[in-house]
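Undergrad: Given next are the chains, with one letter for each unit.
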Amino acid sequence: MAILAHQSGFVTLIIICGAVLFMIYRAKQGFKSEVRRVPGIDVIDEAIGRAAEMGRPVHITNGLATLYSATAPQTIAGLSVLNYVANMCARNGTPLITTIYVPETIPLVVQMYKEASMMADTPEWFNEYNIRYMSSHRFSYATGVQGVLQRERPAASFLMGRFMAEALIFAESGYLTGAMQVAGTASTSQTPFFVAACDYALLGDEIYAAGAYLSEDPIQMASIAGQDIGKYYAIILLLLGAILSAMGSDWLVNILKM
Amino acid sequence: MSFLKNREIPIGITLIVGFLMIITYYFGNAFPAVKTTSTIVQKWTVIVAAFALLIGLANITRIHVNHLLKRTKGQWMFSLWCLFIMYIMITLGLAGTTKHPGYQWLYTWVFLPIDATMYSSLAFFISSAAYRAFRARNVEAFIMLVSGFIVMLMNAPIGEIVWSGFPVIGTWIMKVPVVAAQRAFMITFVLGTVAIGIRTLLGYERGYLGREEE
Chain H
555 MAILAHQSGF VTLIIICGAV LFMIYRAKQG FKSEVRRVPG IDVIDEAIGR AAEMGRPVHI
615 TNGLATLYSA TAPQTIAGLS VLNYVANMCA RNGTPLITTI YVPETIPLVV QMYKEASMMA
675 DTPEWFNEYN IRYMSSHRFS YATGVQGVLQ RERPAASFLM GRFMAEALIF AESGYLTGAM
735 QVAGTASTSQ TPFFVAACDY ALLGDEIYAA GAYLSEDPIQ MASIAGQDIG KYYAIILLLL
795 GAILSAMGSD WLVNILKM
Chain U
4 MSFLKNREIP IGITLIVGFL MIITYYFGNA FPAVKTTSTI VQKWTVIVAA FALLIGLANI
64 TRIHVNHLLK RTKGQWMFSL WCLFIMYIMI TLGLAGTTKH PGYQWLYTWV FLPIDATMYS
124 SLAFFISSAA YRAFRARNVE AFIMLVSGFI VMLMNAPIGE IVWSGFPVIG TWIMKVPVVA
184 AQRAFMITFV LGTVAIGIRT LLGYERGYLG REEE
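Chains H and U supply the protein sequences, listed in that same order. Position one of the first sequence corresponds to residue 555 (my numbering), numbered consecutively onward. Position one of the second sequence corresponds to residue 4 (my numbering), numbered consecutively onward.
Hints may contain errors.
Distance ranges between label pairs, derived from CB positions [what the hints assert, rightly or not]: (1) H:562 - U:155: 38 to 46 angstroms; (2) H:579 - U:168: 49 to 57 angstroms; (3) U:179 - H:607: 42 to 50 angstroms; (4) H:675 - U:127: 44 to 52 angstroms.
The hints are simulated quantities; they were obtained by calculation from the structure and are not laboratory data. Computed from a predicted structure; not experimentally measured. Glycine included, C-beta positions come from ideal geometry on N, C-alpha and C.
All chains, full assembly: derive it from the sequences and hints.
TA: Pasting the structure below:
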């Protein structure tokens, strides 16, 4: 029995991790990584400002992924955006409504609200009734979020996390209420719906970069640059695979199956 | 107690559990003890998450009781109905498990039809979103409009009757450009997942834990 299972996956993981850690090391040495602007993230401040001017609340939801599933990174990325949005809303005095599908995130969200109001020195901003667990059943959750969007008419709605069929229900309900919408998901089947229905959509790995991007921390930004090295690795594999396949060789395919 | 105020404890737990899962995935066959530990930790996680459902129950109850007490206009009657149905389902479920006839009746004749209705409403949302997305405002939107039109005709029986080329072109669109674009997305998602995983395990990604310590 082999000591190491999924050898090719392990090698790939080591290469990507190595690239990210190398960029983090360089950032600690003072090297500043250049990261392209992401319009979908840059516009978050504008959306919150718009809500403040209109005197309407902001809505955010982090989707379906539990914190112990393979898709948990999407929820973690969404919670990082929520943390930023909560801080900005607390500063502006704009009510923030968070709708929840995953109950284990409730304590994290409550903590974020409390800390945001404390940091902004606006204790009156913290309102526990704005943290709303809907359901852990998809369409019950969808109904609840739709109801919040229709009744409370937020001026901005952020959909950040893993979504499935309910994605379009949220996006279209937000559109009908006139909310400025920013959405991000790593579900390939739902990204087109967000692109079609929302004002801004985070594409590809942008949702994972959102927390690091918003933090403006050079070390976190460096990890985004490290991802790009992983992309070069993927491009090399793709080109090599295409050439070898055209030549009738399945050597690379067999290597990657190991 | 400043240690407890900092993020070291959750980050430390994340680091240990994260590496345990990675070691199990790649070296689990060689180290059965690690695999056993990993299985136990995963069971703990499910149990802890199940308890989190009680937090959700408390959250829903508090919010809707507040609406009832305040008689919030346009809301309180829905809150009353929500609490009534929720506690009826819980009571029946606890009284005789989910096989209780009353629970089964509510589930089959109330919950499932409403659930299917919500899912069906997607058809209307897709239509309105498609109407906005398919307006030929620029070259990209025009390409999407044409592609969408061909793919729709590929799926509709009338498409093949109008022109036998629609299914051929539609299948090519779905199998070549669509798959290529989706794979590009999937590659970037995986890279992003690894990067956020490293940041989380090493404690650089702290946004999900609330504000940074001063």
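Undergrad: Check the following: the C-beta atoms of residue 562 of chain H and residue 155 of chain U are separated by a distance inside 38 to 46 angstroms.
TA: Since the Cβ atoms of residue 562 of chain H and residue 155 of chain U sit about 40 angstroms apart, the hinted range of 38 to 46 angstroms holds.
Undergrad: Do residue 179 of chain U and residue 607 of chain H keep their Cβ atoms within the hinted range of 42 to 50 angstroms?
TA: 46 angstroms, holds
Undergrad: Please test the hint of 44 to 52 angstroms on the beta carbon pair from residue 675 of chain H and residue 127 of chain U.
TA: Roughly 45 angstroms apart at Cβ, these two residues keep to the hinted range, so it holds.
Undergrad: Mind checking the hinted window 49 to 57 angstroms against the Cβ distance between residue 579 of chain H and residue 168 of chain U?
TA: Holds - the Cβ-Cβ distance for residue 579 of chain H and residue 168 of chain U, about 56 angstroms, lies within 49 to 57 angstroms.
Of the numbered hints listed earlier, not one is contradicted by the structure.
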